[in-house]
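Taken in sequence, the protein lines are chains S and Z.
One point on numbering: in this note's numbering, the residue at position 200 of the first sequence is 200, and numbering is uninterrupted.
One point on numbering: in this note's numbering, the residue at position 405 of the second sequence is 405, and numbering is uninterrupted.
Do not take every clue at face value.
Unchecked claim - Over the 10 Å line for every Cβ pair with chain S, so calculated as not near, a few chain Z residues: (1) Cys3; (2) Val46; (3) Ser53; (4) Arg67; (5) Ala473; (6) Asp474; (7) Thr478.
Stated by the list, open to error - Chain S stretches covered by chain Z per the calculated footprint, using a threshold of three residues with CB under 8 Å from any CB of chain Z: (8) 87–95; (9) 104–113; (10) 173–182; (11) 193–200.
Hints were generated in silico from the structure; no laboratory data involved.
For glycine and all other residues, C-beta sits at the position ideal for the given N, C-alpha and C.
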Amino acid sequence: MAELSVSKLAEVQKVTPPRRGVPGGECDSELIDRYLAGNEEAFNRLVLRHQRRTVNLAYRFLGNYEDACDVAQEAFVRVYKSLRRFKRDCSFKTWLYKVVLNLCRNKYRWKKRRGEFGNISIDSGVTNDCDGPMQIPDDTLSVARELRRKEIQSRIRESLATLPRNHREILVLRHMEDLSYADMSKLLGCAEGTIKSRLHRARAEIRKLLADVVES
Amino acid sequence: MDCERIRPFLDDFAEGELKPPHKQKVEEHLKACPLCRKELASIREVIRLLRESGQVEEPPDFLQQVRQRIERRRRHVLGRLLPRPVPARVLVPVGCVILAAFGIWLAYRQFSPRERMARYPMAEDRKPKLIARTYAREPTAGYPTEEAEKLRELARASKGLGELAPEASNESGIVAHKDFDGDEAASLALADKEGEAYHTRLARRGYEEEALRRLKAPARGAAGAQVSPPIARKAGLAATDAHGAERKLQGKKAESQIERWGAQAGAVYVRQAEERAELAEAGRSVHGRELSPREKDTESLVSANGIALAGADMPRELRSAGQEVERIPGVAEERAKNHFLAAMPARGTTPEVEEGLQNALQLEKAHEELPVNGIEEGVTQPFDEKHGKRGEAAWFARGDSRARMSDTAFQEGQETTEQDQTLSFFNFLPSAGRVNGDVLLTWQEAGGGAIPELVLQVKDRKKALAQIRKIVADLGGTVEPATREESKYVLASGAAYADALLVKLKAEAYESVLGRFGVRARAPVVPATKPESGESIEGTQTTSQRRGPITFIIRLKEVSEQSHPQQSPPK
Numbered sequence: 001m002a003e004l005s006v007s008k009l010a011e012v013q014k015v016t017p018p019r020r021g022v023p024g025g026e027c028d029s030e031l032i033d034r035y036l037a038g039n040e041e042a043f044n045r046l047v048l049r050h051q052r053r054t055v056n057l058a059y060r061f062l063g064n065y066e067d068a069c070d071v072a073q074e075a076f077v078r079v080y081k082s083l084r085r086f087k088r089d090c091s092f093k094t095w096l097y098k099v100v101l102n103l104c105r106n107k108y109r110w111k112k113r114r115g116e117f118g119n120i121s122i123d124s125g126v127t128n129d130c131d132g133p134m135q136i137p138d139d140t141l142s143v144a145r146e147l148r149r150k151e152i153q154s155r156i157r158e159s160l161a162t163l164p165r166n167h168r169e170i171l172v173l174r175h176m177e178d179l180s181y182a183d184m185s186k187l188l189g190c191a192e193g194t195i196k197s198r199l200h201r202a203r204a205e206i207r208k209l210l211a212d213v214v215e216s
Numbered sequence: 001m002d003c004e005r006i007r008p009f010l011d012d013f014a015e016g017e018l019k020p021p022h023k024q025k026v027e028e029h030l031k032a033c034p035l036c037r038k039e040l041a042s043i044r045e046v047i048r049l050l051r052e053s054g055q056v057e058e059p060p061d062f063l064q065q066v067r068q069r070i071e072r073r074r075r076h077v078l079g080r081l082l083p084r085p086v087p088a089r090v091l092v093p094v095g096c097v098i099l100a101a102f103g104i105w106l107a108y109r110q111f112s113p114r115e116r117m118a119r120y121p122m123a124e125d126r127k128p129k130l131i132a133r134t135y136a137r138e139p140t141a142g143y144p145t146e147e148a149e150k151l152r153e154l155a156r157a158s159k160g161l162g163e164l165a166p167e168a169s170n171e172s173g174i175v176a177h178k179d180f181d182g183d184e185a186a187s188l189a190l191a192d193k194e195g196e197a198y199h200t201r202l203a204r205r206g207y208e209e210e211a212l213r214r215l216k217a218p219a220r221g222a223a224g225a226q227v228s229p230p231i232a233r234k235a236g237l238a239a240t241d242a243h244g245a246e247r248k249l250q251g252k253k254a255e256s257q258i259e260r261w262g263a264q265a266g267a268v269y270v271r272q273a274e275e276r277a278e279l280a281e282a283g284r285s286v287h288g289r290e291l292s293p294r295e296k297d298t299e300s301l302v303s304a305n306g307i308a309l310a311g312a313d314m315p316r317e318l319r320s321a322g323q324e325v326e327r328i329p330g331v332a333e334e335r336a337k338n339h340f341l342a343a344m345p346a347r348g349t350t351p352e353v354e355e356g357l358q359n360a361l362q363l364e365k366a367h368e369e370l371p372v373n374g375i376e377e378g379v380t381q382p383f384d385e386k387h388g389k390r391g392e393a394a395w396f397a398r399g400d401s402r403a404r405m406s407d408t409a410f411q412e413g414q415e416t417t418e419q420d421q422t423l424s425f426f427n428f429l430p431s432a433g434r435v436n437g438d439v440l441l442t443w444q445e446a447g448g449g450a451i452p453e454l455v456l457q458v459k460d461r462k463k464a465l466a467q468i469r470k471i472v473a474d475l476g477g478t479v480e481p482a483t484r485e486e487s488k489y490v491l492a493s494g495a496a497y498a499d500a501l502l503v504k505l506k507a508e509a510y511e512s513v514l515g516r517f518g519v520r521a522r523a524p525v526v527p528a529t530k531p532e533s534g535e536s537i538e539g540t541q542t543t544s545q546r547r548g549p550i551t552f553i554i555r556l557k558e559v560s561e562q563s564h565p566q567q568s569p570p571k
């Protein structure tokens, strides 16, 4: 995964570099404490740290890059407003994921009510246009393989899009976000046994949809 | 192991989550089965594809956009807090209309006779007189002329709102009907004359309270406290005697409470049943145990029935349990509760749950229209919010620990408990903690003595021992072999082997022990006192109504045939 360079960060987000004596590797908890003490820059760092995974999580749920960015930004606004109420009974990442998940569900329901899509909308293939999402290329692959990889990613996105919402969420959280069953249980509000059972069915469904990809 | 039974485990195996001994079994099977190996490879490939599906980049100005949103949100909130100016041409007419409507409403409240009457609580003695006065002003159509004239006379003699002149305060002076006193007369007049709204309001609030007030009044003569037929009728009472009326009134309140519990508990049960169904589909029990094909079918059936049965059926089950209550003084409550416990096996109970269940059962009994004879003072308790809340907690607690079953299974369960079949449907519930039919033959609860005794005749002593230890341990108690000193009783003839176990646990858990054995207390153990008066009552208090730790003996007798144990009096 390509990393954004520090200079690009400073240019785009206008973030001042860390002061001397203040380590750049603070954990989320420390940043939250600094923010609650009145340090706005600590919040900026939290955003920078989690922005990519937030956008990706929302994109995997919704299948639309614009909606994903909208939801991810809104999630951080909610976090900004309610960080004081964060009880720290789970990691900040899990809490943030919960906010994103709820916003994605709201967005999904809202769009469905408006008839904007039958299931969810899919970005038409991978593109490097400025309107679509910028895929992070794997520089180790040849061009042909890179194209093949993008094809597969597109098929995965399409297959995920056809799954029921709860199956899609479970697959994304477990295999793409690599969450443990315990974290998923907290996020989704159901027992681990239920999650395993749904995951089993979700995998069976997506295996059918990706049968040709798996075979090849 | 065949492929069908291996397949449910392949997902966990692919993720490296499968634990022994299943893991070894799967590995062994995979060595010999190319189909399952292919299936496993397919699962792993899908997982790999999902994991390596890549990421997208966030917009380069993401943080700026977040900050702009935050700023916009701030401005928006501030703007809404500031009042907006309202044009006068809108404000003035709207304000006038509002003020006028308010004035009309105030006037109505102040001057309407019916509204004035409604403000007076029924319990006040003045109310019926006020009613009489009010109706004296109006034609009492449908009312006997003589009585109507009396009412009018009373009204003329009244000196103020709600007051009667001294000469008219004689009760017999305001009797509208020879059988009723003044309160009832007025009530009847109201019922006949008044519109539905006030009548309903009074019936709901006033008649019931009035009837209860009369029931609690000192007894009049040999008949005891009575509720006259018209009052009883207006209050919706089916019976006119004290007990029947009180029960009915309690039952009406209890019914709504039970319905509410049913709806709330139903939501919990549906969720539990759905989870159970999903696990059954995956070949797992709720505890993660692998299910046999037969168990899997049963689990699916039980949980499917549970989903269907939950919610609105909850009150029906309560009533089914309540219908089995035998109306015998002193033991009705115990039998009802044991029956209820037998119908609803729990994997674990606490004293609070047991108490809540007891309260729930008492309320259910209040719902029944029981005959006067055989109802014992003190057995039922009046309904109050505290009992209702505890009962509610009990239901939620049991909903978390209890499995749901179909009506058929419920009936079968009752029959198997009584007919002593080898396999009852309770066996399908893992760790239900019951002594099932192939172990327990008969039981007897011995009364009196320093140490109470529960005598179990069993077919298989070892199985019974193991189950008893588990049941008592689940309830937080201990089991030790009783010494010779502690077990002095003569064994019944026909017993091949006898064990005497000294069991120590909390008194509140005693009934749970009985419930797990599927037994019903036949005889109370310790005399008790009536809570209000302090006098002893006919009938006794059971072990569970005591508090603190208790010790009792369980005697196991292994017999080849069913026999009735003989009980020797304690020393």
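Here is how each hint holds up against the structure:
Even its closest Cβ contact with chain S, about 15 Å, leaves cysteine 3 of chain Z beyond 10 Å, as expected for a residue assigned away from the interface. The Cβ of valine 46 of chain Z sits about 5 Å from the closest Cβ of chain S, inside the 10 Å cut-off, so the non-interface label is violated. Against the 10 Å criterion, serine 53 of chain Z falls within the reach of chain S, whose nearest CB is about 5 Å from its own CB. Distance check for arginine 67 of chain Z against chain S: the nearest CB is about 8 Å away, which does not clear 10 Å, and the non-interface claim fails.
No beta-carbon of chain S is positioned within 10 Å of the beta-carbon of alanine 473 of chain Z; the least distance is around 25 Å. At roughly 22 Å from the closest C-beta of chain S, the C-beta of aspartate 474 of chain Z stays outside 10 Å, upholding its exclusion from the interface. With a cut of 10 Å on Cβ distances, threonine 478 of chain Z stays outside the contact zone with chain S, its closest approach being about 32 Å. Figure legend: the region 87–95 of chain S, annotated as covered by chain Z; annotation inconsistent (0 residues with Cβ-Cβ distances under 8 Å, at least 3 required).
Check result for the region 104–113 of chain S against chain Z: violated, 0 residues qualifying (beta carbon to beta carbon below 8 Å, three or more required). Counting residues of the region 173–182 of chain S whose C-beta lies closer than 8 Å to any C-beta of chain Z gives 3; at least three are required, and the coverage claim holds. For a cut-off of 8 Å, the count of residues in the region 193–200 of chain S with a CB near a CB of chain Z stands at 7, and the three-residue condition holds.
Violation of the numbered hints given earlier is confined to hints 2, 3, 4, 8, 9; the remaining hints are satisfied by the structure.
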